[in-house]
Each structure stands twice: as C-alpha cells, then as structure tokens.
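Chemist: All chains, please: the whole structure from these sequences, using the hints.
Given next are the chains, with one letter for each unit.
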Amino acid sequence: MDPYVVAIWIVRIAFLGGLYLFMFGVARLLLRDLRAAARDPKGALARLVVVGSDVSEPPRGTVFGLDAVATIGRDVNNSIVVEDDFASTEHAVLTFRGRAWYVEDLASTNGTFVNGQRIDALNAIAYGDELQVGRVRFRFERARR
Amino acid sequence: MTASSGAQMRGAAGRIRPHARPRETGLLILVAVVLVVGSISLGATQRQLAGQKLSWLPADAGQLVIYLGALVAAHLALIVAGRRSDQVLLPTIGLLGGISLLLMERLPQSLVTQSLAGRDFGLASIQLGWLLLAIAVIAIAAVAVRSDAWLRRYKYTWAAAGIALLLLTFLFGDEVNGALLTIQVGPFSGQPTELIKVILVIFLAGYLSEFRPLLVTESMRLGPLRLPPLQYLLPMLAMWAMALGIVVIQRDLGAALLFFAVFLALVYIATARASYVLIGLVLFVAGSVIAYELFGTVRDRVDIWLDPFADASGKGYQVVQSLYAFGRGGIIGTGLGAGLPLVAGRLPIPAIHTDFPFAALGEELGLIGVVAILGLYLIVIERGLRVAASAADDFRALLAAGLTLVVGVQAFIIAAGNLKLIPLTGVTLPFISYGGSSLLANGVVVGLLLALSDRGVEPPPPPRVAGRRRPRLLGGPAGAGR
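Going down the list, the protein sequences come from chains A and B.
Per my numbering, the first sequence starts with residue 1407, numbered consecutively.
Per my numbering, the second sequence starts with residue 12, numbered consecutively.
It is possible that some hints are incorrect.
Unchecked claim - Here chain B is said to cover these stretches of chain A; the calculated rule only asks that three of the stretch's residues, wherever they fall, bring their Cβ under 8 angstroms from a Cβ of chain B:
| no. | stretch |
| --- | --- |
| 1 | 1409-1416 |
| 2 | 1419-1429 |
| 3 | 1432-1445 |
What the hints assert, rightly or not - Chain B is faced by these chain A residues, among others (derived, beta-carbon under 8 angstroms):
| no. | residue |
| --- | --- |
| 4 | 1502 |
| 5 | 1503 |
| 6 | 1506 |
| 7 | 1510 |
| 8 | 1530 |
| 9 | 1532 |
| 10 | 1534 |
| 11 | 1548 |
By construction, these hints were calculated from the structure, which means they are not laboratory data.
All C-beta atoms in this analysis are idealised placements derived from N, C-alpha and C, irrespective of residue type, glycine included.
Modeler: What follows is the structure in structure tokens.
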C-alpha cells in the first residue's frame, strides 16, 4: 500500500472523528448544565417580580417563586404579603390549572388589575402580564429554568 | 415560597463590562482544528487525484484563515460586549459554515462566477464573502439587539412588510427552475422568501402571544374537538390561503411547506391544543390534493418522489443521481474531494451547490458524516428551544421557538427531499447551501436567538391590550381594605 494513500485515509477519518468530537463537547456541556439544574431544585412554576412599589412592602425588585396556588393580600398568612393601604386582607389568588395560569380577585375593595384593566372574579393571565394589587405592581414571568 | 429581596434587581442598563466566554472559546478551537483537518484532507485528495506533488498543505489556506479569523472576531465582539448569551450556537454555526466553505472549494468553481471591480470570483470566493457577511450579521444582532420592543410592537407593520415582499416577488420576480423566486437589483439577486420566513415568525409570535388567552378558551365542541370562537380561526385560514398562494403564484413548494409547518408548530406551542393541529393537518391535506390536481409542478414532484426511476434520465434525473451519490458514499464516504464522478463530462446534479449539498456531503462524508451534520442541526434546535424555555414571557418564547423551527424544519425538508423521504422541494440547507439570501436570513435568525438568550436583557414591557386603558391609579377611598 502506498503510505500516502493510507495517510490520506487517516486524515479523512480524523475529519469525521473531529465532527463527532465537537458533538461530544457540546453534549458534555449539556450534561453539565443538566446536572447543575438538578442540584438546584427550584420547584417554582412561575415567578412574580415586583416592578413598581414606592411606599409599600415588598420593595421593587423582589422576586417570588410561585406554587400552583399563591395567595396575595395584607394578611400574614398569604403566600405573598403586600403591605399596602389599598390592598385587602385577602386580595387575590393566582392558580395554575394544568395548562394556563389564572388570577382571581377575592372581592377586594380596590380591585385587582391585569395590564391596567380591573378584573372581575376569574381571569386568565399570561407570562409578561402586569398585575397590580393596591399600589404594588408585579410582572408575571416564566420560571427560570 | 421564596422571596429574594433586591438580589435579583437587574443591573443598570448601559454599562458594558467584558465577560469571558470560556465554553465558546473551547468549542471554537475545536471547530478550527476540525476544519483545518478537513481542509488538509481535501487538499491532499485533490492533489493525489490530479497527480500533483504530494503535500499536506490545506486546500485553500487563505480562505480558511479568513473564515476562521471572522469567527474569532465575532467571538471577541461578543466577549467585549459582555452579553451573557448562549455559547454553543456560534461554534456550531461556524462548523456548519466551514463545512459549506470546504464543499464550495471542492465543487467546480465555474458553477457560479461574478465579476466585481475587474476581478472574477468563483463559487468558493463568493460563498466566503456571504459567510463573512452572515457572521457579521450574527455578531451585530447578538451585540446590538438589547430590546425586542421594536419587534413586538409593530407586528402588523412586519406582516405588511412580509406581504409587500411577497407581492414584489410576484410582480418583478424572475423564474428559476419553474419557481418565481428571485428579485434582481443591479448586479445582485436575492430571494425574498428567505427574509419573509423571519418576518412571518416575528408576526406570528406577536399575534399568538397577544391572543393566546382567547385562543385557549373554548366556545364550541365538535365531537371530540374543542374549538375556539370562530373568529380566532380566521388567521389559520388566512395562513393556509397564503401558503396555497405561494404554491399557486410562485410555485415555490418548499417555502409554502416551511411556512405552514412552522405556523402549525407555533400555534401548538402557544395553545397546547391538538385540535388546532388536527384542523391544520386537514387543511394541509385538502390543499395538497387541490394543488396536486391543478398544478403540473406539484404533480411532477410527487410522481418523481413515488418513482424517480420511471423517468431516470428526464424529470427524475437529479433525484436518481442524488440517490446514487448517497449509495457511492456508503458508510464512511469517498473522502472530501474524491466524490462526484462526472456523467458525460458534466456534473450529475446541476443544482448541487444550492439544492443538493446534502447529497454531495452524503457521497464524500458517507453515512457517518451526514449523521454528524444532522447532529449539528439538532444542536442548533436544542439551543434554540432552550432559549425559548427560559424566556421571560410568551412573545420571547414563541419568537425563539419559531426562529429555531424555521432553521430546523428547513434543514429537515431539504435533507429529506435529497434522500427521497418526502417529495423534493427547493429550499436551501441552512448555512451549507450556496446563496447570499439564505445565509443572511439565517444569520439574522441566529443573531436574534443569541440576543434573546441573554439573561440580562431588558425585561419585556407589560403587554398592551387592544382597546383598553393604560394602567391607572386606584380611585378607591383612602385607607380602604377590610
């Protein structure tokens, strides 16, 4: 056999091998990401970020992870406690029902607002929507995975 | 419940601090090594076949160095800009583009020639130019796009622009292989369909994210199907009509298939309702039957697909030659530069650089190489869907998923067409086929994906609901509450 032909053959195979080496490299990064995600068990289904709160608690920038049912109000037993004069004791509740998120106003005095519109009883809410309870404005976001 | 006060506050926008991208650096080094090895393999094989002196120099070292230089420049731009975007996309696209460059260096340079400023450029040089432009587009979009407001706010403007482009093609387009595809402006010609697919995704993401709550509500039940209010089915019909229109007017089956597939996928992602997909599939089958009965082009494609050997030297010629090419390639291929035996002194597949690069790669890299290339597209899809899954709101999620699917579905359509898995439709293999429009449009796609993958990107604005007032101060009595 001509050594040159053999050498060309080896280079050829090396190129194919290189393609797989690249994929292996990407797969390893993916595995590392997955392991990191597994070590970090944030069970939250969605997030609520405070985007506007001048005089009340919680302050701007606070992030809440949401379970399937999350209540909002002034009472300390709520999942998200809003210290605001315009919020009711039990103001609103966010629920995840299999496919979509809903927000329900619990007959609050000043109402619950989604994107600036007052909602009655039960309303669908989408990621990116703005939720207002009292003088506190939240943005409803996807959970970070 | 967890509340991390203040910790998640977004940093002040505008400050730019370089941020290292070690994963991207590592993968790019790997890409460079692989491409240099490929180039050496190509050069050695070509010299051996031409009976020249043996040497281990790469096939065209200059072009390879320029290309790798552009990748490094894009990498450095991303580091300096300090965006925390995905680190796998750029090397993967770089590898696909590099394979494209090797393939174009390997094909006869006379396939495409262009004179510019008194110099003649062949296939590989022109492709290199487009690849550099595509990398520049990726880098610019990935660095500069910090807000998606201009995309989400003007969705109807985008839709209008897309339709205008479509009409332009219809009015001023030139016919290529029986399809009305290209627009000629001066010395340059472009395929608007490539850009329209990006615009379509932007519009659909905007439309679906705004009307998602309405689309999910059900008002009718038709047997096991749960249907939304009838007026929200209209865009579905409009989309179907547009896809059919592309088939009828432009005779561009590939684009129609791509648009409709991406549309259905996005509707499903937005609503998670199988009934929409079912309705879409029924419409698709009905449209296909109508198109088959009415249009010769469609009938030809399907007949070729069913039995290319019935007219192996006529209509089925390219597909038959493509199958032969895959056959010659076998498992490990003939090696870069050793494939493509000429038939009667001519290339067996005339459109090998645009529609059949997958067949050329199948011959020279074999099953192993082709599977690797499909794997690279899978990586692009995985990264894109990951961007979609971690997006902050529906618009971004749908946009990222749609952009990803445009690339993924297009790669599938043409690869499957080359393999006679589905009827052949002329779309490009993303980042590998020759062609400026395709490379630039796909560059925009990847650039936007990189921008969207940035975790520190400007938060999405609250959605504006049509016909409703902006958020207003509460008008309740002071000291309210129970």
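Chemist: Against chain B, does the stretch 1432-1445 of chain A show at least 3 residues with beta-carbon separation below 8 angstroms?
Modeler: With 3 residues in contact (Cβ-Cβ under 8 angstroms with chain B), the coverage given for the stretch 1432-1445 of chain A holds.
Chemist: Once the shortest beta carbon distance from residue 1548 of chain A to chain B is found, is it less than 8 angstroms?
Modeler: Residue 1548 of chain A check passes; min Cβ-Cβ to chain B is 6 angstroms, inside 8 angstroms.
Chemist: At a threshold of 8 angstroms, is the proposed contact between residue 1510 of chain A and chain B supported by beta-carbon distances?
Modeler: violated (15 angstroms)
Chemist: Tell me if the interface restraint on residue 1506 of chain A is satisfied: Cβ within less than 8 angstroms of some Cβ in chain B.
Modeler: holds (6 angstroms)
Chemist: Hint check: is the beta carbon of residue 1530 of chain A less than 8 angstroms from a beta carbon of chain B?
Modeler: holds (4 angstroms)
Chemist: How about the stretch 1419-1429 of chain A: do at least three of its residues have a C-beta closer than 8 angstroms to a C-beta of chain B?
Modeler: holds (count 10)
Chemist: Can residue 1503 of chain A be said to touch chain B, with a Cβ gap under 8 angstroms?
Modeler: violated (11 angstroms)
Chemist: Taking 8 angstroms as the limit, does the beta-carbon of residue 1532 of chain A come near enough to a beta-carbon in chain B?
Modeler: The hint holds - residue 1532 of chain A has a Cβ within 8 angstroms of chain B, the shortest such distance being about 5 angstroms.
Chemist: Can you verify the interface hint for residue 1534 of chain A: is its Cβ closer than 8 angstroms to any Cβ in chain B?
Modeler: holds (3 angstroms)
Chemist: Under the criterion of a CB-CB separation shorter than 8 angstroms, is residue 1502 of chain A in contact with chain B as hinted?
Modeler: Because about 13 angstroms separates residue 1502 of chain A from the closest Cβ in chain B, which is outside the 8 angstroms limit, the hint is violated.
Chemist: Quick check: do three or more residues in the stretch 1409-1416 of chain A have a beta carbon closer than 8 angstroms to a beta carbon of chain B?
Modeler: holds (count 5)
This entry does not satisfy hints 4, 5 and 7, going by the numbered hints stated previously.
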